[in-house]
Every structure is written in structure tokens, then in C-alpha cells.
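With these hints in hand, go ahead and build the complete structure from the sequences.
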Amino acid sequence: MSVLAVAEHRRGELRDVSLELITAGRRLADATGGDLDVVVVGGDVDAFADRLDREGVDTIYTVDEGEEFNHEVYADAVEQLHAELEPTALVAPNSVNGLDYVPAVAERLGVPLITDVIDFEAGDGIEVTREQYGGKVETTYDVDADQYAVTVRPAEWPKAEAAGDAAVEPFDADVGGDLGTTVNGFEEVGGGDVDITEADVLVSVGRGIEEEDNIPLIEELADTLGATLSSSRPIVDNGWLPKNRQVGQSGKVVTPDVYIAIGISGAVQHVAGMKGADTIIAINTDPSAPIYDIADYGIVDDLFDVVPELIEEFGGEAPDV
Amino acid sequence: MKILVTVKEVAEVDDEFSISGLDIDESSLEYDLNEWDDYAVEEAVQLSEADGHDDVEVVTVTVGPERAEETVRMALAKGADRAVRVWDDALEEAQFLDLDAKAELLAAVAEEEEPDLVLSGVQAADDANGATGVALAERLGVEWAAVVNSLELDADAGVASVRRELEGGVEELTDVELPAVLTIQTGINEPRYASLRGIRQAQRKPLEVYDLEDVGLDESVVDSPVERTDMYEPESEGDATVWEGSSEDTAEELADFLRDKGVVDA
Ligand SMILES: Cc1cc2nc3c(=O)[nH]c(=O)nc-3n(C[C@H](O)[C@H](O)[C@H](O)COP(=O)(O)OP(=O)(O)OC[C@H]3O[C@@H](n4cnc5c(N)ncnc54)[C@H](O)[C@@H]3O)c2cc1C
Ligand SMILES: Nc1ncnc2c1ncn2[C@@H]1O[C@H](COP(=O)(O)O)[C@@H](O)[C@H]1O
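So the protein lines, in turn, are chains A and B. Each residue of the first sequence is one higher than the one before, starting from 0 at the first, in numbering that gives the first Met the number 0. Each residue of the second sequence is one higher than the one before, starting from 0 at the first, in numbering that gives the first Met the number 0.
One thing to keep in mind: the hints can contain errors.
The list that follows gives simulated cross-link-like pairs (lysine to any residue, SDA-like), each with its CA atoms no further than 20 Å apart [stated by the list, open to error]:
1) A:K251 to B:L165
2) B:K260 to A:A221
3) B:K260 to A:G314
4) B:K260 to A:K251
5) A:K274 to B:S149
6) B:K260 to A:K242
7) A:K274 to B:P233
8) A:K274 to B:G168
9) B:K260 to A:P318
10) B:K260 to A:E187
11) A:K251 to B:G167
12) A:K242 to B:N188
13) B:K260 to A:P215
14) B:K1 to A:T227
15) A:K251 to B:V241
16) A:K242 to B:L172
17) A:K242 to B:T240
18) A:K274 to B:S235
19) B:K260 to A:T278
20) B:K260 to A:D295
21) B:K260 to A:E311
22) B:K260 to A:E312
23) B:K260 to A:E197
24) A:K274 to B:T240
25) B:K260 to A:D277
26) B:K260 to A:A198
27) A:K242 to B:G168
28) B:K260 to A:T254
29) A:K274 to B:V241
30) B:K260 to A:G225
31) B:K204 to A:D199
32) B:K260 to A:V200
33) A:K251 to B:N148
34) A:K274 to B:G167
Keep in mind that the hints were calculated from the coordinates and are not lab data.
Here it is in C-alpha cells:
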């Protein structure tokens, strides 16, 4: 069995998940003693190939087409290389761009696709583990197919670090023709006066707060503690706090000394932004909320009871909400 | 112009829940309109209400059992014009519907409806495959864009100018030729609440129910190389210290902890 992993880069940088893919891909290939091949499409492919040359990689295929990600170029290139190599497993990151081309490639190839895989057991076929119902349960799936595709969750496998001696081969893909999707550029959002990544202590509010009118309660706690206020995504989606307060995959990655998550469930995209905090404290009514999997301390209770008490402990006055 | 919106009824799990067999016990589940699809419905309805778009029809499509009609009616109450629901004994009996099956079912309806634009959600809150919309686009042989948080439609030029929300606060500005499937991200708009009038009107809006034969498919659609083998509560990786007691007690514990940490000196 062989494995084909598709690297990811953006704006000139190879993304970390590409090196994680090598670790996961190697483990998968090892299960049956097969090859691990990596393909990188677009950008400075030779420089990327250099960085992708890690222990365990057999061949790196470079497809010198375009600068940035375009799903049609990726889909064409991966489909054609797949036809040539006939790998058992196609492995790609469960990233925003991964989810923009892998489902199309899997459809074209007629192979089953399992997304956001957090673990697997390979042998005859593969059994994968993924999360469901907002991370409250894990499920395993047995994939009984000669060929399949999986996207793997970022930051679940360590980055492959050791240098390798892979062969590098340009792959001449027939891509392009008429591209129905044109990428015109990028824009960075979430700037502004507050930089939550600088804060030592973050008091972070989630959907458990229920209403915009209740936000001052958490604001008061942050003030009383001399901490900075941040939030999960729904609070920003609702327009209750500006984008620069959002912690998570599509917001900011923060690493404070203390992170107090109040009424936040701990969805994977939120956790991606705060799991590096030194001490994580959760206040959440739901003992099965996934935030407790990464919290160091927790209070399983109603935030509307606990937070006013806490404000008073420090001599503040809780607003009526 | 016709906009097709894929609408899923998702299951939410109670704080206390149990697993029976390979799924969450029915008694621990509550159902709701998928959050991402709520934004997709709103986006479609806003397009239909915008100046110069008064000939826009918004149709929802749902693969789901009769129970899902409550959710479908909610989408109708929020302004969709009519709804299609696909279900069948063969689907009811399947262990679960894999990605491919759902794409095939949704594609069968889309081929019948021939929409100019399909709006889907980035992910279903329960399954979180994050893949159905793009798989559907490929099946239909149309363009697509995943994780769209801004949409400007130039129907005459046949182009959707979108922003794709990438990781780390970076957005990609992309033009997509129509027809296309866009997977809609939360925050793209402000979903409305259904008005009482909307809810009343929704009762009279057409909701067609199709079985497999009606959409030109047969039982083989549920055949899948993927089989669910287990479902369990993950073992907690952390070993969180949980402070117990009254709110007053736990707040005091936390306060002491924060003082010890030097977070606050008071
Ligand atoms: C591509 C993509 C990118 C995303 N990027 C991000 C991101 O950057 N950041 C982010 O945060 N999310 C992101 N998300 C969304 C993410 O999947 C979750 O939907 C979101 O994190 C949930 O926010 P929440 O925890 O505040 O809300 P919920 O998941 O609704 O959780 C609310 C919590 O509050 C608790 N609660 C309710 N009432 C009370 C009470 N009275 N007292 C105490 N607790 C209470 C509940 O038990 C629950 O656990 C992204 C999703 C996608 C698909
Ligand atoms: N059973 C279904 N019926 C209608 N739409 C669905 C169904 N399942 C998934 N979808 C659509 O596909 C999107 C992504 O779902 P998923 O790929 O399962 O995470 C959802 O937001 C829905 O718009």
C-alpha cells in the first residue's frame, strides 16, 4: 500500500500541517510497509520540496503551476498524479483549503472520503476515528475500499522534523484550460486597537452568555481582574464584540498565562486558538463540554451565578443583567 | 433566478446523554436547523429581497425524515418560497448516510430544479463532515467555493464575488462563475427570527416529499464502503480540577487561585 499526501502552503509559506501530514502519512504507510509520496502544487515548489524532504518520505512530486491555491489546479493535479501512482490512501489537511478541493477529488476518483480524522488504525483497509456532535463523542469508521481519502485534523500529529533523502520529481500535470474560479487576492481582517495576543490574562466569553445585554457582566469581570476580554466566534458573528476579540482558527491564536473560558463549549476551531494557554479555566454548566478535556480547572455551574460572586470576591460590583 | 439552499436538521446532544448502540440515544437529542444553513437561508432570502432581484425563487432541499419538517417549515417561515424533502425506507434503514450518498441525493434534486446558485452550509453541527457542498458541486459539474463569508452576486455577468475565510484572519477574494455551490460561513449576515406572520405563511407554502424513485435513484444509493463501528465518550485528556460546591464556594476557590497566581493582588 502506498500513501499520497498533499502539502499545503499559503503566501510563500509552507503550512505546519504539511509536516504533520508526513508524520501521519508515514504511520499509515508503515502499517503495510509501503511508500509515502508527497505532492506540492504551486508556489516556489523547489523551496517547498526542500522543506518537505523529511525522514520517511520517498518521493516528492512538484507541480509547478500557479502561485497560490486554486482548487481547480489542485483538483486536476492531484487527480492526475493519483491516476499515475494509484495510492491506497490520499491524505490531505482538514484545512479550509483542504475542504475546498478534497471532496471534489474524492468524487472524481470515486473513492470514499472521511474528513477531520483524529486517529486511525491501518491494516487491511483502515479504521478511522473522528469526533461528532460538537466533540462530545468520538466515532470510529471502518473503510472497506482499495482506495480512500482522508483529511487529517491539524495539530493532531507532531511535525516531521528529521531530514530525509527523498527523490524530487517534477510532475507535468495538465491543468488549467478554463478556470471557473479566479483568486484575486487576500485581505487580513481583525486588526484594530486591541491585540488579544499580547494579553497575560484573557477572560473569554461564549454563547452561554445568551444575549448582548449580558456582555457587561463579563466585561466587568475582565475589568476587575485587570484582564483583557476575548470571545468565541458566535459573539463576533452576532456583532456583540469586534472581530479582533475572536479566539480560534479563523480568529487569533493566543497564549496567555491564564485563559478563563466562560460559556464556551470548546469546539475544535476554538481550541485551535487557545490550547497553548498556560492555565485554562472553564466555567460551563455542561460537564460533558469538550472544553473540560483541555481545562486545568473548572466550575460546572451557571455563569450567571458564579461570575457575580467572582466579581464581588475582588471588590467589584456586578452589573444587573 | 433560482437559489437552492441545502437545509439540514441537526441533532443537539443534551448535557447529560447516553449512547445506545452506535448512536446517541434518541431521548438525549433535540433537533434544530443547522446553524450554518440558517445563515445560508438568510443569504438566499436577502438576495431574493434585494433590489432588482424580485424574480428570485428560494427553494430548500432536505434529506431527512418527517420529523425534519418542523425545521423545514422554519426555513420557509424565514422567507424561502418552497421546500423539497427526500426520504425513503431505504434511507431510514441505513446505518448512516455517507458523504457520497448525501451528495448523490442532493444532486438528484438539484438536477431537477436546475438552480443558478446553490447555497450550502460550511458544516453540519452534528456530523461536521464539512464536505457535502463541494462534493455536490463536483457531482453537478458546476463551480464552487468553500467557507464563504461575503457574497456579491452579479447575476447578469454570471459571477459571484466571494470572500473565503481562511485560517488566521486571512480572507481570499475570489470570483466564481455561476452556476455554483457556495458553502456559507456563519457571520455572513444576521439571520432573522421567523415572524408570526412568516410562521403562518409557511404552513401554506409547498413542501414536496420525494422518495428514492421520485428522484430517479434506487436503494443502492445507501451502499457504502464506510461502516460506523463504534461511538463512545472520549476519555478526557486533561485532568481538570473541578471545584465543587455552591457558586459562592467555587467563586472563592477560583479567586484564591487567581490571587496565588498573581493575576490580581487584591
Ligand atoms: C471553518 C470554521 C472556522 C471556525 N472558526 C472559529 C474560531 O476562530 N473561533 C471560534 O470560537 N469558533 C470558530 N468556529 C465555530 C465553532 O465550530 C463553534 O461553533 C464555536 O466555537 C462555538 O462557540 P461557543 O462555544 O461560544 O458556543 P456553543 O458551542 O454554543 O457553547 C456554548 C456553551 O455555553 C454553555 N452554557 C450555556 N449556558 C450557560 C450558563 N448559563 N453558564 C455557563 N455555561 C453555559 C453550554 O453548556 C455550551 O457548552 C469555526 C467553525 C468553522 C466551521
Ligand atoms: N441531510 C441533509 N439534508 C440537506 N442538506 C444537508 C444534509 N446533510 C448535509 N447537508 C448540507 O451540507 C452542509 C455540510 O454538511 P456536512 O458536510 O455533513 O458537514 C450542511 O450545512 C447542509 O447545508
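What are the numbers of the hints that this structure violates, sorted from low to high?
-> The structure conflicts with hints 4, 5, 6, 9, 10, 13, 14, 15, 17, 31, although it agrees with all the remaining ones.
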